[in-house]
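*Asks:* As a plain string of letters, each chain reads:
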Amino acid sequence: MSGKLLLASSLGLLLLATMILAVTFGPADIAGSEVLQVVLHHLGIVQDTPVSRLRDAIIWELRVPRVLVAAGIGAGLALCGSVMQALTRNPLADPYLLGLSAGASLGAVLFLLLGAALLMPIGAFVGSGIAMALTLFVTQALGGATPVRAVLAGISVSALASAATSFLIFWSATGDSYREILSWLMGSLSGALWSEALIVLAAILFVGLPVLLSGRSLDAFAFGDNAAASLGVDVGRLRWTLLGATALLTGVLVSIGGAIGFIGLIVPHVARLASGSRHRVLLPVSMLLGAIVMVWSDTAARALFAPRELPVGIVTALIGAPVFILVLLRYRRMT
Amino acid sequence: MKGLVVSEASVVAGGKTIVQDVQFTALQGHVTGLIGPNGAGKSSLMRAVLGLQPMAGGTAIFEGMDLLAMPRRERARVCSYVEQSGSTETHLSGRDVVMLGRIPFQSVWQTSPSSDDDHAVTEALDVVGMADFGSRLYHTLSGGEQQRLQIARAVAQQPRLLVLDEPTNHLDIHAQLNILALLRKRAAAGATVLVSLHDLNMAAAFCDSLVVLSQGQVFAQGVPQAVLTPELLRQVYQVDASVLQHPHTGRPLLAYDSPL
Numbered sequence: 119m120s121g122k123l124l125l126a127s128s129l130g131l132l133l134l135a136t137m138i139l140a141v142t143f144g145p146a147d148i149a150g151s152e153v154l155q156v157v158l159h160h161l162g163i164v165q166d167t168p169v170s171r172l173r174d175a176i177i178w179e180l181r182v183p184r185v186l187v188a189a190g191i192g193a194g195l196a197l198c199g200s201v202m203q204a205l206t207r208n209p210l211a212d213p214y215l216l217g218l219s220a221g222a223s224l225g226a227v228l229f230l231l232l233g234a235a236l237l238m239p240i241g242a243f244v245g246s247g248i249a250m251a252l253t254l255f256v257t258q259a260l261g262g263a264t265p266v267r268a269v270l271a272g273i274s275v276s277a278l279a280s281a282a283t284s285f286l287i288f289w290s291a292t293g294d295s296y297r298e299i300l301s302w303l304m305g306s307l308s309g310a311l312w313s314e315a316l317i318v319l320a321a322i323l324f325v326g327l328p329v330l331l332s333g334r335s336l337d338a339f340a341f342g343d344n345a346a347a348s349l350g351v352d353v354g355r356l357r358w359t360l361l362g363a364t365a366l367l368t369g370v371l372v373s374i375g376g377a378i379g380f381i382g383l384i385v386p387h388v389a390r391l392a393s394g395s396r397h398r399v400l401l402p403v404s405m406l407l408g409a410i411v412m413v414w415s416d417t418a419a420r421a422l423f424a425p426r427e428l429p430v431g432i433v434t435a436l437i438g439a440p441v442f443i444l445v446l447l448r449y450r451r452m453t
Numbered sequence: 179m180k181g182l183v184v185s186e187a188s189v190v191a192g193g194k195t196i197v198q199d200v201q202f203t204a205l206q207g208h209v210t211g212l213i214g215p216n217g218a219g220k221s222s223l224m225r226a227v228l229g230l231q232p233m234a235g236g237t238a239i240f241e242g243m244d245l246l247a248m249p250r251r252e253r254a255r256v257c258s259y260v261e262q263s264g265s266t267e268t269h270l271s272g273r274d275v276v277m278l279g280r281i282p283f284q285s286v287w288q289t290s291p292s293s294d295d296d297h298a299v300t301e302a303l304d305v306v307g308m309a310d311f312g313s314r315l316y317h318t319l320s321g322g323e324q325q326r327l328q329i330a331r332a333v334a335q336q337p338r339l340l341v342l343d344e345p346t347n348h349l350d351i352h353a354q355l356n357i358l359a360l361l362r363k364r365a366a367a368g369a370t371v372l373v374s375l376h377d378l379n380m381a382a383a384f385c386d387s388l389v390v391l392s393q394g395q396v397f398a399q400g401v402p403q404a405v406l407t408p409e410l411l412r413q414v415y416q417v418d419a420s421v422l423q424h425p426h427t428g429r430p431l432l433a434y435d436s437p438l
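Heads up: the sequence lines are chains A and B, in that order.
Residue numbers for the first sequence follow my numbering, so the first one is 119 and each next one is one higher.
Residue numbers for the second sequence follow my numbering, so the first one is 179 and each next one is one higher.
The hints are simulated quantities; they were obtained by calculation from the structure and are not laboratory data.
Glycine residues also receive a C-beta, built at the ideal position from the N, C-alpha and C atoms.
Each hint should be verified, as a subset may be incorrect.
[To be verified] Covered by chain A, per the in silico footprint, the following chain B stretches (three or more residues, Cβ under 8 Å):
#, segment
1, 225 to 231
2, 245 to 258
3, 261 to 272
4, 287 to 301
[Claimed, not checked] Restraint ranges, calculated between C-beta atoms of paired labels, are given here:
#, chain 1, residue 1, chain 2, residue 2, range
5, B, 301, A, 449, 31 to 41 Å
6, A, 355, B, 425, 51 to 61 Å
7, A, 447, B, 287, 17 to 27 Å
Let the hints inform the model, and build the full structure from the sequences given.
*Replies:* Here it is as structure tokens:
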């Protein structure tokens, strides 16, 4: 078991190093030591810093919140993916593929265009919840849950939600807001603020961490609902609580970063290779790995073609889609 | 009375009565076989007794405890359940599978198995003769090996009541005999074992007592010699058979006549 602890703590250190390094990337030449000084200064641990005001602002106001948002979104999406894959016994389950992200986008855009930008996370939560319910309903109507049926249902729900979103944008958005919404829809962390970083971190803290505690009960689902129930798990309650938490977390993350694909799908599979299938270990390892992958993806998105910036969703899709094909090959007898 | 006493049990699913007013007893230290044609309600009855499926009426009392009124976790430390065939898409090792049986004993805060857990798992693997399979991947094993791991998982729950739903389905004859001998050993160790079986010769050879379920009701119960008669086979299964005696054990041995 100390091996698992070692894995988790080295991933934790790797995440920390990744975040510091990611802050140094960008037009202004910033050193890792400066990042540390600025962060320690703002946390009140160090009184004075030799770092100039301007550089301090670049680090603390522009780059740190963005890296935090990326880490939080990556951790959250990977957690949602792991939980959904366990609960539905479907290795292809993730918020993006099962339509939750598209539903969340629709809810968020709707609230945005209604002028309630502050309530976007709520709209996104409602949207992702409705999309999930719809996907599960269609899956059942197709004759019971198999991975392929669930994905087909998710694709149709996604298509519906995306069409509605496009219609809303086409109908009401103009000029700049049009471009802004489109870039956000593709998944973009451009211009992330501290307020957004705090929302993401709060979602991880209050929704994500309690979900971690359900790890052992998730293990019980390996052989299906009856087996889980015979091990003392309240199957109905756990399923609805965790699916609700997943919808909530997805909603909040999408409202901040847009619909970012493949992190929730791929990261749990990679994490499983390293940590095994026991969720008490898998869930935290997935979160750490998701955060690392997302921070690097976002850094690539803003640094590769600087000063132009790619939506990070494009980067995660470029990395994720080929890995997705590998996952499909691994589970080919199910598809 | 030591053992499981089920009284007036009824199960309704989808508006249909599947099990009606069933009474039977499974004694401690005995292997009690639940037999009957497909659709007789065996699986529903077993699940309902363990609280995995709602019971429309009736009680299931085990060693004085009302199984249906017990908190789930507590019940999972007394009873364990093995299904026909456990399949999973998760890549679990043999030891991981058996460790699942420790879930009812572990707290949410616990990050790794306790020494009690490790000990119980090692012992359970030993009991089913799978000590060398702890690190093998479950989905790469044969059906018989998988089923033995499922039984080891159930044994790791340290159950006093062991309920198995057709555990020998799809297994070759060697694996079937192996599984049933294991159940006899659990009973000899003091457990109450309730097992549903399709193969009546296996039921006759390994069970101390049989409960015959037909169309959701108990048709007969008692020792195999008393229950497995040509009349019963005709009435319950619509088959003609001669009942012989096993040359070594003296237990009933059925020779079926072709329906043509």
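*Asks:* Hints first: check each against the structure and report whether it holds.
*Replies:* Here is what the structure says about each hint:
Counting residues of the segment 225 to 231 of chain B whose beta-carbon sits less than 8 Å from any beta-carbon of chain A gives 4, enough to reach three: the coverage restraint holds. With 8 residues having a Cβ less than 8 Å from any Cβ of chain A, the segment 245 to 258 of chain B passes the three-residue criterion, so the hint holds. For a cut-off of 8 Å, the count of residues in the segment 261 to 272 of chain B with a CB near a CB of chain A stands at 9, and the three-residue condition holds. Given a C-beta distance limit of less than 8 Å, the hint that chain A covers the segment 287 to 301 of chain B holds, as 5 residues qualify and 3 suffice.
The hint said 31 to 41 Å for the Cβ distance between residue 301 of chain B and residue 449 of chain A, and at roughly 34 Å that hint holds. A hinted range of 51 to 61 Å holds for the C-beta pair residue 355 of chain A and residue 425 of chain B, which are about 55 Å apart. In this structure, residue 447 of chain A and residue 287 of chain B break the distance hint of 17 to 27 Å, their C-beta atoms being roughly 38 Å apart.
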